[in-house]
Amino acid sequence: MTTTTRPAEPVTAAAPARRSGPAGLALRQGRLEIRQFLRSRESVVFTLGFPLIMVLIFASIFDEEIAPGVSYTQYFITGMIATGLMTVSFQNLGIWIPIERDRGVLKRYRGTPMPKWVWFAGKVIMVLVTGVVMTALLLAVSVTLFDLELPTTTTAWVTFGWVSALGVTACTLCGIAISSLARTARSGSAVVTPVALVLQFISGVFFVFTNLPSWMQQVAALFPLKWMCQGLRAVFLPESFGADEPGGSFELTRVAVVLGVWCVIGLVLCLTTFRWTTRRDG
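Sequential numbering of the sequence shown, starting at 152, is according to our numbering.
One or more of the hints may lead you astray.
Claimed, not checked - Computed Cβ-Cβ distance ranges for the label pairs, DEER-style:
#, residue 1, residue 2, range
1, V196, G312, 21 to 31 Å
2, W308, R337, 34 to 44 Å
3, L178, L288, 33 to 43 Å
4, G399, I208, 27 to 37 Å
5, P219, P302, 18 to 28 Å
6, P173, F213, 40 to 50 Å
7, T361, A174, 37 to 47 Å
8, A341, E390, 41 to 51 Å
9, V280, P364, 35 to 45 Å
10, P219, F425, 42 to 52 Å
None of these hints come from the bench; they were simulated from the model.
Glycine residues also receive a C-beta, built at the ideal position from the N, C-alpha and C atoms.
Using the sequences plus the hints, can you model the full thing?
Now the structure itself:
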């Protein structure tokens, strides 16, 4: 499934912008990115609606227990929260940025007095706001219609926070990095969407992870989504379910390490591969 959006217009060197401090510039760019996102109905429907539709369909069809006290619905919802966070960051940025690059928007940005980091900060703010809204909608629907129990301890909510933060950071950086693989605006979706779909199927989103072939589990363990799902299962599923994980526990320390490593990998890839212009522009 693909998304389209209108590319953001570059911030002009107006006097108010020059008087703004770093935080003001970032917030202004973030508001611009959010407005551009909201103006694209297709992007809004896909980003916010797709995870909700998947929850409504799968949670309504499959309601059997997969472990004592754990239903497939509970398991699936945690995976869809992780998938939603990956969608608003990795998938959307990997598709949108080539569109902006192909239409010359990034080239114009680079030619303005605006610091380059402001453009990236705007993307990050847009991802964070969209991710919070998407997660809130998923939890509201799941609690209301499918009796999902929210965490009752501070520790669980803290775990939810750092898993989500590390996961979104890693996926955002990787989304910016993979955008450089697309040669044209049209090829962005063809590059990113298959990767996102494959990761969903092998990372324990649609299927119980331990039911997948061992080689598939090993491949999934190389990428962030599997660890995002596992970390969120530690938040929403009973502690006893940790014994059913491949490592015999939720392995939160390993979750933090792997996601942290992917943040570093994503940052290095961004710094070494990001392009403001298309290949034909040189």
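(request) Could you tell me whether the CB distance from P173 to F213 stays inside 40 to 50 Å? (result) Given a distance of about 48 Å, which is inside 40 to 50 Å, the answer is holds.
(message) Range first: 27 to 37 Å. Now tell me if the beta carbons of G399 and I208 are that far apart.
(response) 32 Å, holds
(message) If I claimed the Cβ atoms of P219 and F425 lie 42 to 52 Å apart, would that claim hold in this structure?
(response) About 48 Å separates the Cβ atoms of P219 and F425, which means 42 to 52 Å holds.
(message) Verify the CB-CB distance for A341 and E390 against the hinted window 41 to 51 Å.
(response) 42 Å, holds
(request) Indicate whether the distance between the beta carbons of V280 and P364 respects the range 35 to 45 Å. (result) 38 Å, holds
(request) Could you check the hint for me, namely that P219 and P302 are 18 to 28 Å apart, CB to CB? (result) At 19 Å between Cβs, range holds.
(message) Looking only at beta-carbon atoms, does the pair T361, A174 fall within the given range of 37 to 47 Å?
(response) This hint holds: roughly 45 Å between Cβ atoms.
(request) Could you tell me whether the CB distance from W308 to R337 stays inside 34 to 44 Å? (result) With a Cβ separation near 42 Å, W308 and R337 satisfy 34 to 44 Å, so the hint holds.
(request) Go ahead and decide if the range 33 to 43 Å is satisfied by the Cβ distance of L178 to L288. (result) Given about 24 Å between the Cβ atoms, the range is violated.
(request) Determine whether the Cβ-Cβ distance between V196 and G312 falls within the hinted range of 21 to 31 Å. (result) The hinted range 21 to 31 Å holds for V196 and G312, with Cβ atoms some 28 Å apart.
The structure fails hint 3 only (numbered hints given earlier).
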